[in-house]
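J.: Here are the chains, one letter per residue:
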Amino acid sequence: MFLHDFLHLPVRLHLTACYSLLSTRQGPQVALTPAAQARVFKYEGASGLPRGLRMSLNLVIVLCLTAVLGPTLVHTLCSGSTDANKVRLSIKTALGDEAYDWDESEMFLFKATIAFAMRKCNKKQYEVSNIQVCNATQRVSFWFVVTDPKTEDLVSGKDVEKAVRMSRNRINSAFLLTDKTLEFVNIPPTLAAPVKPATPPWLIVFGVVIGLVGAGIAAILISTFIQKKRERGGIKEREEDEEEEAGQRNGVFCTVQEGADSNINPGFIEDDPFTKL
Amino acid sequence: MKLKLPNLDLDDRIPSHQQLEKLEVEGAADRPKWDNKAQYLLTCVGFCVGLGNVWRFPYLCQSHGGGAFMIPFLILLVLEGIPLLHLEFAIGQRLRKGSVGVWTAIHPYLTGVGVASMLVSFLVGLYYNTIIAWVMWYFFNSFQDPLPWSHCPINANKTGLVSECARSSPVDYFWYRETLNTSTNIEDAGGLQWRLVLCLLCAWTVLYVCCVRGIETTGKAVYVTSTLPYVVLTIFLIRGLTLKGSLSGIKFLFTPNVTELTNPATWLDAGAQVFYSFSLAFGGLISFSSYNSVYNNCEQDAVVISVINGCTSVFSATVIYSIIGFRATEKYEDCMARNILDLMNAFDRPEGNITLNNYEQVLQNLASTSPLVVKSLNLKSCDMQTFLSEGVEGTGLAFIVFTEAITKMPISPLWSILFFIMLFCLGLSTMFGNTEGVIIPLQDLKIFPKNWPKEVLTGITCLISFLIALIFVQRSGNYWLALFDRFAGSIPLLIIAFCEMVAVVYLYGIDRFNKDIEFMIGHKPNMFWQATWRVISPLIMMLIFLFYFVTKVREEATYIAWDPESATFPTLANVLYPNWVYIIIFLLAGVPSLAVPYMAVFRLIRDCGRKRDHDYKTKELTTFSAKIQMSDK
Chain A
-16 MFLHDFLHLP
-6 VRLHLTACYS
4 LLSTRQGPQV
14 ALTPAAQARV
24 FKYEGASGLP
34 RGLRMSLNLV
44 IVLCLTAVLG
54 PTLVHTLCSG
64 STDANKVRLS
74 IKTALGDEAY
84 DWDESEMFLF
94 KATIAFAMRK
104 CNKKQYEVSN
114 IQVCNATQRV
124 SFWFVVTDPK
134 TEDLVSGKDV
144 EKAVRMSRNR
154 INSAFLLTDK
164 TLEFVNIPPT
174 LAAPVKPATP
184 PWLIVFGVVI
194 GLVGAGIAAI
204 LISTFIQKKR
214 ERGGIKEREE
224 DEEEEAGQRN
234 GVFCTVQEGA
244 DSNINPGFIE
254 DDPFTKL
Chain B
27 MKLKLPNLDL
37 DDRIPSHQQL
47 EKLEVEGAAD
57 RPKWDNKAQY
67 LLTCVGFCVG
77 LGNVWRFPYL
87 CQSHGGGAFM
97 IPFLILLVLE
107 GIPLLHLEFA
117 IGQRLRKGSV
127 GVWTAIHPYL
137 TGVGVASMLV
147 SFLVGLYYNT
157 IIAWVMWYFF
167 NSFQDPLPWS
177 HCPINANKTG
187 LVSECARSSP
197 VDYFWYRETL
207 NTSTNIEDAG
217 GLQWRLVLCL
227 LCAWTVLYVC
237 CVRGIETTGK
247 AVYVTSTLPY
257 VVLTIFLIRG
267 LTLKGSLSGI
277 KFLFTPNVTE
287 LTNPATWLDA
297 GAQVFYSFSL
307 AFGGLISFSS
317 YNSVYNNCEQ
327 DAVVISVING
337 CTSVFSATVI
347 YSIIGFRATE
357 KYEDCMARNI
367 LDLMNAFDRP
377 EGNITLNNYE
387 QVLQNLASTS
397 PLVVKSLNLK
407 SCDMQTFLSE
417 GVEGTGLAFI
427 VFTEAITKMP
437 ISPLWSILFF
447 IMLFCLGLST
457 MFGNTEGVII
467 PLQDLKIFPK
477 NWPKEVLTGI
487 TCLISFLIAL
497 IFVQRSGNYW
507 LALFDRFAGS
517 IPLLIIAFCE
527 MVAVVYLYGI
537 DRFNKDIEFM
547 IGHKPNMFWQ
557 ATWRVISPLI
567 MMLIFLFYFV
577 TKVREEATYI
587 AWDPESATFP
597 TLANVLYPNW
607 VYIIIFLLAG
617 VPSLAVPYMA
627 VFRLIRDCGR
637 KRDHDYKTKE
647 LTTFSAKIQM
657 SDK
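Those sequence lines, one after another, are chains A and B. Following the numbering used here, the numbering of the first sequence begins with -16 at its first residue and continues without gaps. Following the numbering used here, the numbering of the second sequence begins with 27 at its first residue and continues without gaps.
FYI, nobody ran anything at the bench for these hints, they're computed from the structure. Keep in mind that the hints are not guaranteed to be accurate.
Distance condition first, Cα-Cα at most 20 angstroms in a straight line; then the derived SDA-like pairs of lysine to any residue [to be verified]: (1) A:K75 to B:W60; (2) A:K211 to B:V482; (3) B:K246 to A:K94; (4) A:K163 to B:D374; (5) A:K179 to B:I180; (6) A:K163 to B:I180; (7) A:K75 to B:V482; (8) B:K480 to A:K179.
According to the in silico footprint, chain B covers these stretches of chain A (three or more CB under 8 angstroms from chain B) [unchecked claim]: (9) 74 to 85; (10) 200 to 210.
Using N, Cα and C, we set each Cβ at its ideal position, and we do this for glycine too.
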């Protein structure tokens, strides 16, 4: 706080900016241009302060700069680097009323799951601090990079992709989301191969229907055959009966009432010796 | 006004009223008859109510001014449909024969009308049963969850969806690729699709089982096939009305646009729809009514069946459009959700910031502040009207639009099974009439020996039809079917119907016809029937025929084809017919139509040769002994 009393106004402005930048974690980060950086140094030189104070000032300014530049360095590491990945979450779409808010602890969980995925894949001891996140927006989207636990170098994008793909299910379920609602923008989800049953289901239904139809045809044809056989047997019986009856009549004085008899010819029955002529 | 053409020896060819009375008492031994009136009515209703009620009428209704279309439809129903129906019922019941028998009895030179009916029934039956085969394929595939047409298959190297499917839609892909495996044009026949061959076999064997003994077996089958569609339609209506967006579909259907009434195409489409919807001139109705009792009230039947047919059309239109409204709403919301997501992702807005309500406003804001970004997103415009009017007629309705709607409903397999059973029953009951219209004329023309049982006759007909219908299960089968539908089932029917009316009213004689109806139902037909039979209906038939003929001749000979390589994909491409298609068109439309004059000329030539014998025979009969009774009988 005592720094504000002793320093030149422009420097103070830069420092307040530096201070406010230090205190925020989220929000768009603005990189200091080289010209601005130069101005800070220039004003420091021109103030004409005592040497001890100047040195402590330098220290403070260097610290400040690292504080300011540090995130910006990471920032250029983050979104500028080819090894960075963008993540997009659609929590409200997935969960509706049961959606949770995205806050610090959720971000921590995310870093932890990525670290878990990296451990599973590479078998190295990744920590939460190895996952750097930046450019978080209200959409809920952000970029992240993974640094190697031992060498502090960036892990290549391909390795990160491999790790994420391997544990995608676990990562999704940690957040109660799906492949679509927890998007890794450059990592397309592997499509699940569809389950192919041994016999296509339609063939089974077809078999059932054809079986029923075949049974129907057989039933009808058999019943027709049986009916015809019965009819033929019945006709033979009736014919035999009629012949017996006809044999009993001797043709004289018989009254031919049943007109349906086809085997008696009315023309030859001499029932009336006197014709009308 | 009472024109009557000369018609010799009509009394010799038709049973007299006394003979009919005797027949009624004794019963004709060899002629089948209905078990009860309900069977007869259900069979006729089943024949009339077919796939056209479900997928042609709703489209016509919506495209010709919605509620206003009811006016021409109802007027032409009354002036054209009911009189023709009554005429066919009455003449069949009076002369007690199938179509060839009836027209030959009225005048031998008119055999051609019956033959034409038979040919048209045969050709239409070929492709109609193929549609039933397609329905069966979809039915067989409905017994799985998720339905196979709800998602695109993954391509061979598992990196994404099959390209043809990704560019169009899963339902399109399943219809054109996995069902039809369609080629790109009619000339490229491709091979037989074994899956569809099996389904076609199934369709023809089911038809055989139901028709094997004529109305003995179909009479039992219609208890199910004619009533089940109504049950299913009611279930769908209840389901449809509870879905979101269904009322917008119904509103879209019935919103009247009275200016459409001034468009002559509306009236002509209404007339054609009434005509085809009643399955007139196929000969099946004449056959069915010939099995009735002589005193059956055919006038009442005609009115009842017409009313049922009209109401079914309107009812099914309501059901179809409620489901279409639901589908359109779902598609619209999907489309908007995709656009909103794209905007949110591009501009990093928090979720819920852009909703359906403020979408337009936000889009305008963003377009003005960062137009390049908005442009690069390629947002599709989502229009409810487009979605509502998408592909809603014919096979496109049943197999693409409706199946897509079903995939969006919960418990999709159940709705799919119900829908395809309904279509199957509608189609099968119409096929009963078609089969009757083919087999009875074959019997009357004595093409098969008389001692062959009916089962064999039906079997041979079904087998030959199945073999010819294999054209429709090739890769280009869909195009062949469209060709048949366009030409075989349109113009010849109009000619036959016109000839029927002229034959009954002017050759048979309207006086005789009136007396017959009085004998059969107890009272003479009133002024309405006289006016429509004599003047109004033939005039309407002639107008519709002329309009159809002129339009068809002037039409470009093109058809729509599914071509993944075309520029307009996934919209179907317009392709020109090859030159040899004109021969096919002549065979389909020309041969049945020309059968009418051909048979007349053929008989004329045959009779001229026999004329001398005819005179000689009549002389022989006028002998002495024939006039005096020899025995006391």
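J.: Please go over all the hints and tell whether each is borne out by the structure.
T.: For each hint, the structure was consulted:
| no. | hint | in the structure |
| --- | --- | --- |
| 1 | A:K75 to B:W60 | violated, 65 angstroms |
| 2 | A:K211 to B:V482 | holds, 14 angstroms |
| 3 | B:K246 to A:K94 | violated, 72 angstroms |
| 4 | A:K163 to B:D374 | holds, 17 angstroms |
| 5 | A:K179 to B:I180 | holds, 12 angstroms |
| 6 | A:K163 to B:I180 | holds, 17 angstroms |
| 7 | A:K75 to B:V482 | violated, 68 angstroms |
| 8 | B:K480 to A:K179 | violated, 45 angstroms |
| 9 | 74 to 85 | holds (count 3) |
| 10 | 200 to 210 | holds (count 4) |
In summary, the numbered hints that this structure violates are 1, 3, 7, 8.
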